[in-house]
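Residue numbers (our numbering), protein chains in the order written: chain A, 1147 to 1303; chain B, 367 to 595.
Be a bit skeptical, because a hint or two may be false.
[To be verified] 27 Å max Cα-Cα, derived DSS-like pairs, lysine-lysine:
id : chain 1 : residue 1 : chain 2 : residue 2
1  : B       : Lys521    : A       : Lys1268
2  : B       : Lys521    : B       : Lys424
3  : B       : Lys498    : B       : Lys441
4  : A       : Lys1175   : B       : Lys558
5  : B       : Lys558    : A       : Lys1295
6  : B       : Lys521    : A       : Lys1261
7  : B       : Lys479    : A       : Lys1261
8  : B       : Lys441    : A       : Lys1261
9  : B       : Lys540    : A       : Lys1295
10 : A       : Lys1268   : B       : Lys558
11 : B       : Lys407    : B       : Lys498
12 : B       : Lys457    : A       : Lys1175
13 : A       : Lys1261   : B       : Lys424
14 : B       : Lys540    : B       : Lys407
15 : B       : Lys457    : A       : Lys1261
Just so you know, these hints were derived from the structure itself, not from any lab. Since this is a predicted model, take the numbers as computed values, not measurements.
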Amino acid sequence: MKFSKYIFIILVSFSAFSCSDDVCNEETKSTLNLTFNVKDEALTDLGFVDNLSIYSPEWTDSIHFSDENESGDSFLGFMLSPYSDTSEIIITSTTATEQDTLIILTQREQIFLSKECGFITKFLIDTVLYTLNYIDSIEINEDEITTAKNGEIQLYF
Amino acid sequence: MVRFSYIFSLIFLVFFSYYSYGQDEDTLYVPQKEKVPLVLKGMKVGVNVGRFSDYLFKPERTSYEASFDFNISNKYFGVIEGGFSEISIEKDNYDYTSEGSFVKAGVDFNMLKKYPSDYFGIGVRLGRASFKHSASNIIYNDIHWPIQSFSVDSKSYTTYWLEVSLGIKGELLKNVYFGWSALIRVGISGRKDEQFQPYDIPGFGKGESTVNLGANYYIYYQIPFNKNK
Chain A
1147 MKFSKYIFII LVSFSAFSCS DDVCNEETKS TLNLTFNVKD EALTDLGFVD
1197 NLSIYSPEWT DSIHFSDENE SGDSFLGFML SPYSDTSEII ITSTTATEQD
1247 TLIILTQREQ IFLSKECGFI TKFLIDTVLY TLNYIDSIEI NEDEITTAKN
1297 GEIQLYF
Chain B
367 MVRFSYIFSL IFLVFFSYYS YGQDEDTLYV PQKEKVPLVL KGMKVGVNVG
417 RFSDYLFKPE RTSYEASFDF NISNKYFGVI EGGFSEISIE KDNYDYTSEG
467 SFVKAGVDFN MLKKYPSDYF GIGVRLGRAS FKHSASNIIY NDIHWPIQSF
517 SVDSKSYTTY WLEVSLGIKG ELLKNVYFGW SALIRVGISG RKDEQFQPYD
567 IPGFGKGEST VNLGANYYIY YQIPFNKNK
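Chain A with its partners taken away, still in its complex shape:
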């Protein structure tokens, strides 16, 4: 059999192509975790954290600590604004008369993750400004916020 015949058989029988289900199977949200540490006994007695909620003036809803922490975790996770370097977050509790405001200033990078998933945002926290109604101090434990959900700010009340 001529060598070229082998080639023809291989060409006909072999085809290389790749398939994709076009579904994003990767994490795309870069989540910042807020953790709470209450040292003020008056706030502990009020159940300040158990009734705590956060929201942004740009949101149409709130995130409630009681809803998010049924599994026993003691933090609230959310995404900073993907469209602005400044995110304003209000911290309130149904058992408290006042509220606190966090203004989180970041640098943003848009990263093209994949054809299926599109873009993700990576944040780097520059500064956090905050009011002192109930907040005593804050600590930025991890300033890089990625889809690994590792960004963390700890709030002390």
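Since the structure of chain A is provided, determine the placement of chain B on it from the hints.
Okay, now just chain B, sitting in the frame of chain A:
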């Protein structure tokens, strides 16, 4: 007389053996490799028909690739390949476009001796791609933040890679060849962008990968000349 005959025979035998041994040393035949003169035997022009499978398997990409090679004594082939690639992705959460061209230059070495007009061998290429990409209508579907869209400006790149192939070519019709080759491409420089990673680099493949595997399916036409040599 008999004893004399034995002695003569022994002397003859020893002398003949020694003489024969000496002859072996003097005339020992060492096969000389016949040097094949390097002669330009023809040129082939080819089209990568595998690229047309993009219409089925990678509809977001439109690409063309052609090849030009010099056949030197059916043993060495100087190869220049080039092409063009355009990508357009329209998704719910972003639009992406990319376009660019590539060129590869290198040599193929034919390991076949039995079928001088066919080819089974290895090849090495150095590839270079120039391309640009951009994205628009990028949207994040976060349940809290109101939906807005934004764009990423066009960015340009020049990428280099090294390519090794193992392939076959056969003359199915007169001067018409079909060929297939398996490829491994190793990126050298210019393909990484942590912020806006290219989706596909023309001629190289996935932008995020340092090593890409692939296959080529070519149809060639050989322009024959120098047949008498």
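Is the Cα-Cα distance between lysine 479 of chain B and lysine 1261 of chain A 27 Å or less?
-> violated, 46 Å
Measure nothing beyond the straight line between the CA atoms of lysine 521 of chain B and lysine 424 of chain B; if it is 27 Å or shorter, mark the hint as holding.
-> Measuring from Cα to Cα gives roughly 23 Å; hence the hint holds.
Hinted pair lysine 457 of chain B and lysine 1175 of chain A, Cα distance within 27 Å | Measuring from Cα to Cα gives roughly 18 Å; hence the hint holds.
Lysine 498 of chain B and lysine 441 of chain B: Cα distance at most 27 Å?
-> Given pair lysine 498 of chain B, lysine 441 of chain B is violated - Cα atoms ~38 Å apart, limit 27 Å.
Would the pair lysine 521 of chain B and lysine 1261 of chain A pass a check requiring their Cα atoms to be no farther apart than 27 Å?
-> holds, 18 Å
Could you grab the alpha-carbon distance between lysine 558 of chain B and lysine 1295 of chain A and see if it respects the 27 Å cut-off?
-> Distance ~24 Å between lysine 558 of chain B and lysine 1295 of chain A Cα, so the pair holds.
Given the hint that lysine 1175 of chain A pairs with lysine 558 of chain B, test it: the Cα-Cα distance must not exceed 27 Å.
-> Distance of about 22 Å is within 27 Å: holds.
Would the pair lysine 1268 of chain A and lysine 558 of chain B pass a check requiring their Cα atoms to be no farther apart than 27 Å?
-> Answer holds: lysine 1268 of chain A to lysine 558 of chain B is near 17 Å, not above 27 Å.
Would you check the hint for lysine 441 of chain B and lysine 1261 of chain A, treating anything up to 27 Å between C-alpha atoms as holding?
-> violated, 42 Å
Below or equal to 27 Å on CA atoms is what counts here, so check lysine 1261 of chain A against lysine 424 of chain B.
-> holds, 12 Å
Sort out whether lysine 498 of chain B lies within 27 Å of lysine 407 of chain B, counting only the CA atoms.
-> violated, 39 Å
Are lysine 457 of chain B and lysine 1261 of chain A close enough, with their CA atoms no more than 27 Å apart?
-> holds, 9 Å
Of the hints listed earlier, those the structure fails to meet are numbers 3, 7, 8, 9, 11, in rising order.
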